[in-house]
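**Student:** Protein chains in written order, with our numbering: chain A, 114 to 611; chain B, 22 to 144; chain C, 24 to 435.
Incorrect hints may have been included.
For each label pair, taking beta carbons as the anchor points, the in silico distance ranges come out as [to be verified]: (1) 590/A <-> 104/B: 52 to 60 Å; (2) 354/A <-> 270/C: 41 to 49 Å; (3) 79/B <-> 49/C: 33 to 41 Å; (4) 79/B <-> 203/C: 41 to 49 Å; (5) 358/C <-> 122/B: 36 to 44 Å; (6) 354/A <-> 397/C: 44 to 52 Å.
Far from chain C, by Cβ distances over 10 Å, these chain B residues were calculated [claimed, not checked]: (7) 29; (8) 41; (9) 44; (10) 49; (11) 54; (12) 61; (13) 64; (14) 70; (15) 74; (16) 108; (17) 123; (18) 127; (19) 130; (20) 134; (21) 135; (22) 139.
Calculated directly from the structure, the hints in this document are not laboratory data. Ideal placement from N, C-alpha and C gives every residue a C-beta, glycine not left out.
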Amino acid sequence: MCLRKVYDAIIIGGGVVGSSVARELARYHIKVCVLEKEADVCCGNSSRNTGVLHAGFLYKTGSLQAKFAVEGNAAFEQISKELDVPYKRTGKLTIGFTEGERERLLKLKSQGDRNGVPNLSIIGRDEIKQVDPNVEAEFALYSPTSGIMCPYMYTIALAENAKLNGVDYYFENEVCSVKKEKDGAFSVSTAKGRLYSRWIINSAGLGAPTVAAMLGSAGYAYKPVKGEYILLDKRAIEQIRVPVYPAPDEKGVTDLHATPTIDGNVLMGPTCNDVVQSCDLDTTADSLDYIVKKGASIFKGMKTEWIIRSFSGIMPRFVERGTSGYLDFLIEHHPDNPNVVNLLGMDSPALTGAYPIGKYVADIVAAQEKLAKNNSFDPCRKGIKKFSEQDVETRCEMIEQNPDYGEIVCRCEYVTKAEIVEALNNPLGVTSVNGIKYRTRATMGRCQGGYCETRIASIIQESKGLDRKDIRLDNSRSYMFTGEVRESCGCSTKTPSL
Amino acid sequence: MTGQLICIVCPAGCEMTACIKDGKLEVWGEKCKRGLEYAEREFTNPMRTIATSVLVDNGELPLAPVRLDNPVPKKQIFNIMREIKAVRLEAPVHIGQIVLSDVCGCGSDVVVTKNVGRAQPRL
Amino acid sequence: MRLLNKDAVIIGGGPAGLAAAIQLKKNGIDNILIIEREKNLGGILRQCIHDGFGLTRFGKSLSGPEYAQIFIDEANDLGIEALTDTSVINITYGKVVTAVNRGGIFHVQSKAVVLAMGCRERTRGAINIPGARPAGIYNAGVAQSYINLHNTMVGREIVILGSGDIGMIMARRLTLEGAHVKAVFEAQAYPSGLPRNIEQCLNDYGIPLYLSHTVTKICGRRRVEGVVVSRVDSAFSPIDGTEKFFSCDTLILSVGLIPENELSLMAGVELDRRTRGAYVNDSFETGCSGIFAAGNVLHVHDLVDFVSIEAEELAASAAEYVSSDCLPKASIVVVPGRNVGYAVPQRVSGEKNFTLSFRVKQPIENCKVTVSQGGNVISEVKMRKAIPANMIQIKISADRLESGKEIEVTAV
Numbered sequence: 114m115c116l117r118k119v120y121d122a123i124i125i126g127g128g129v130v131g132s133s134v135a136r137e138l139a140r141y142h143i144k145v146c147v148l149e150k151e152a153d154v155c156c157g158n159s160s161r162n163t164g165v166l167h168a169g170f171l172y173k174t175g176s177l178q179a180k181f182a183v184e185g186n187a188a189f190e191q192i193s194k195e196l197d198v199p200y201k202r203t204g205k206l207t208i209g210f211t212e213g214e215r216e217r218l219l220k221l222k223s224q225g226d227r228n229g230v231p232n233l234s235i236i237g238r239d240e241i242k243q244v245d246p247n248v249e250a251e252f253a254l255y256s257p258t259s260g261i262m263c264p265y266m267y268t269i270a271l272a273e274n275a276k277l278n279g280v281d282y283y284f285e286n287e288v289c290s291v292k293k294e295k296d297g298a299f300s301v302s303t304a305k306g307r308l309y310s311r312w313i314i315n316s317a318g319l320g321a322p323t324v325a326a327m328l329g330s331a332g333y334a335y336k337p338v339k340g341e342y343i344l345l346d347k348r349a350i351e352q353i354r355v356p357v358y359p360a361p362d363e364k365g366v367t368d369l370h371a372t373p374t375i376d377g378n379v380l381m382g383p384t385c386n387d388v389v390q391s392c393d394l395d396t397t398a399d400s401l402d403y404i405v406k407k408g409a410s411i412f413k414g415m416k417t418e419w420i421i422r423s424f425s426g427i428m429p430r431f432v433e434r435g436t437s438g439y440l441d442f443l444i445e446h447h448p449d450n451p452n453v454v455n456l457l458g459m460d461s462p463a464l465t466g467a468y469p470i471g472k473y474v475a476d477i478v479a480a481q482e483k484l485a486k487n488n489s490f491d492p493c494r495k496g497i498k499k500f501s502e503q504d505v506e507t508r509c510e511m512i513e514q515n516p517d518y519g520e521i522v523c524r525c526e527y528v529t530k531a532e533i534v535e536a537l538n539n540p541l542g543v544t545s546v547n548g549i550k551y552r553t554r555a556t557m558g559r560c561q562g563g564y565c566e567t568r569i570a571s572i573i574q575e576s577k578g579l580d581r582k583d584i585r586l587d588n589s590r591s592y593m594f595t596g597e598v599r600e601s602c603g604c605s606t607k608t609p610s611l
Numbered sequence: 022m023t024g025q026l027i028c029i030v031c032p033a034g035c036e037m038t039a040c041i042k043d044g045k046l047e048v049w050g051e052k053c054k055r056g057l058e059y060a061e062r063e064f065t066n067p068m069r070t071i072a073t074s075v076l077v078d079n080g081e082l083p084l085a086p087v088r089l090d091n092p093v094p095k096k097q098i099f100n101i102m103r104e105i106k107a108v109r110l111e112a113p114v115h116i117g118q119i120v121l122s123d124v125c126g127c128g129s130d131v132v133v134t135k136n137v138g139r140a141q142p143r144l
Numbered sequence: 024m025r026l027l028n029k030d031a032v033i034i035g036g037g038p039a040g041l042a043a044a045i046q047l048k049k050n051g052i053d054n055i056l057i058i059e060r061e062k063n064l065g066g067i068l069r070q071c072i073h074d075g076f077g078l079t080r081f082g083k084s085l086s087g088p089e090y091a092q093i094f095i096d097e098a099n100d101l102g103i104e105a106l107t108d109t110s111v112i113n114i115t116y117g118k119v120v121t122a123v124n125r126g127g128i129f130h131v132q133s134k135a136v137v138l139a140m141g142c143r144e145r146t147r148g149a150i151n152i153p154g155a156r157p158a159g160i161y162n163a164g165v166a167q168s169y170i171n172l173h174n175t176m177v178g179r180e181i182v183i184l185g186s187g188d189i190g191m192i193m194a195r196r197l198t199l200e201g202a203h204v205k206a207v208f209e210a211q212a213y214p215s216g217l218p219r220n221i222e223q224c225l226n227d228y229g230i231p232l233y234l235s236h237t238v239t240k241i242c243g244r245r246r247v248e249g250v251v252v253s254r255v256d257s258a259f260s261p262i263d264g265t266e267k268f269f270s271c272d273t274l275i276l277s278v279g280l281i282p283e284n285e286l287s288l289m290a291g292v293e294l295d296r297r298t299r300g301a302y303v304n305d306s307f308e309t310g311c312s313g314i315f316a317a318g319n320v321l322h323v324h325d326l327v328d329f330v331s332i333e334a335e336e337l338a339a340s341a342a343e344y345v346s347s348d349c350l351p352k353a354s355i356v357v358v359p360g361r362n363v364g365y366a367v368p369q370r371v372s373g374e375k376n377f378t379l380s381f382r383v384k385q386p387i388e389n390c391k392v393t394v395s396q397g398g399n400v401i402s403e404v405k406m407r408k409a410i411p412a413n414m415i416q417i418k419i420s421a422d423r424l425e426s427g428k429e430i431e432v433t434a435v
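Using the sequences plus the hints, can you model the full thing?
**Tutor:** Below, the structure is given as structure tokens:
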């Protein structure tokens, strides 16, 4: 199938930032599509982070990071309701013991105050215990507006809402080249075809410098830094109530820490190591060992039998051309290239700031194009109703309406067949096992799919009429099976339930 | 010629030593008669049983497990597998049902080891 | 919402659950319910199509499904009620079991609860193998389910990590189905599975077994492309400079089984860190009155024949509990001593004969197992070789026991 389409705006990169831009542009009358190189929207950094809703005190006053963190934090209550995504304003403790750390925390508090972060305070031992009785520290910077969210659910929700409001999503469409046509429009080539558009928004995450060069802004570079995490069993959450960060060191680096997740797990990490290639997502023995050893000394819940799995993310640390100093977000919109917006350096707090970033970019386009508002834009999107979160009466009603709710598929996370089927029929058309994982949490439990994966594969095959050979873990190269043990000659697509 | 061998007849997995002395096989370390028989065969004509699956049409399961009801010469295993792979059964199938009689002339039948009923029509 | 009342609820219709149910019925307990989450009874035996089951119990070498069918038939003949396609989602200390199926949610108030949920496999994530997270990494039991139950082939060029029985069985299974099993790697200096399986699953097919080796990295972003393997020292640390790349498209993991006790914890059952199963007494009763455990959920077994016996012993006690609400108090602690990894039951009453089950920590030649109490030898068994892969069971007579003093089991 050769893709050949014309749009008013193409967004390159469907992560949390790109999908937020898509959703904000959908508020106007403008034909938009998102080109995403992976098979789903949350495969890059959007899912590879701690899932923290930052308060905004970590960022230089006057920076875009500070501005968007504070705005995104304040707006999240509303966003989470509209998009039906979970979040919790847990507050956060940044703890310290030494005088040096106290100084640095005081500086952070002042910075936060200037940035407009509400209710920051330095608290002592007793008050710390009231916030989280597990925490031992002399003092802490307490930020009550900090919180936790599910980064991949948020990204998926943004994308689904954008899609339902008319944005097209094309997956496994990595952009290979961009050419400016005579009429000023862009022709964008991917492996699957060519699309034309007046505007290009570059929100390609780690690929943004490469795409920026294609768009005429060469010379940007990232200094890729790998952060590795270990995910702990839900039992570890008995040892932690709120995110607890150590005070940054003299160089401003924060060492690894434990963070409760919105789903009830605990994340240990991230580590922080320079890497050569920004596509090197392998976890490493050294970092994992470090997390286990150091983690055990700082967090009581760090027990090896509670380790569920590990993963890594590459932080797109943005480097000034010619130097190595880290920079602020760069939202480049140059008069020489008026129909291009490059989003560079979308490291933390781009997750927290995704909504105001999206709005900022959409406003640029809307102002320049004098776009009319799309009155049929619906900001609300409903997520998949979780059987596991309902009370008994509701669960009974759900089963009565749809007996598929009575079939527990993922026993670790209590995900039912009805949810798996709903996830498979998602608005974005994603049919991979990981797609189901991110939308339902199936396979994320302690058995890592040991019980449910065979069932999920059968449901995918049944529901979508696929051959076993076509079932994918994530993108089209991640085949799970090589075929049948005994060729049934494809005589029927029956898959008896087991 | 001496050889060490592990008996596979039962989970005890006794370690035995066998050697050919004056044209006769001598065995040490066996704990039971079956072990001795195993050792004797292993040196002359090693025998094995295998288990695999056959395709079932219209069954509540796509495959029925089968096994050999007697050991066969080890060297015939893949020939036997070839025969079994060509089999296609129609549900229902029952435990004990003979799928292939005296497969490859090795003195063993291939028998079904699980009941597979007929698939229920989908609503 | 339905509320049922039962004398005994058995959670899991695998070999332990079936044997327990049958024995309860034979002991006069009629009002029994088996709750099984799969469509059919039989538990893990449904997918264990290889033979070797039933050698001690029936004197025959049966496949898993055949062994299970004997019990399923007997349970049917005895009119034992079983609910399949039904998942238990909660158990309380007060023995209210909550279950869900397509018909809805129901609670069962039971006099006795038998935990027979079996075990799950240790995962790649849990053992922290570094590298990529591609498709093509399968636990051996999952691969077995795909191949034997779902008619689905998982790969072509296979590397197996772990010489546990399941891994070796799958090495043979995959080879018979045309895959190329390149090697089995085992971190320990000795195999974790039975010697007969090394012989009939690996040696028979020329599959090499590398002891003291482990996988230190998984390569391949989307689908497995290979693994890096290193030699390890006695502390299981990879030795620098011994890394070797093995190309493959599939990594099968057979790195241990963990009793599946999530439901047990909900009821307040205390688990033994060594077995990851419940602390039980010589009635197989956990620390929660009227909640019993047997089979793989209590401690991982090698032979299903022993699971059935254990479950039957449990049932005899559970029947007594249901009838009289009273079991002998177990206050004698059983301690795993030198070279013994764990021992079950962890407490005994001293009033009845019991079977002591345990495993040695490492292979011991010319092993002398001593069960003693307060310095007095109660039982002594000599064996030519004791290995961790073989659970050892010793019958202990009540008349040899004194009250109050600890029992210790050692192996030298």
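**Student:** Of all the hints numbered above, which does this structure not satisfy? Sort the numbers upward.
**Tutor:** 1, 4, 5, 7, 14, 15, 20, 21
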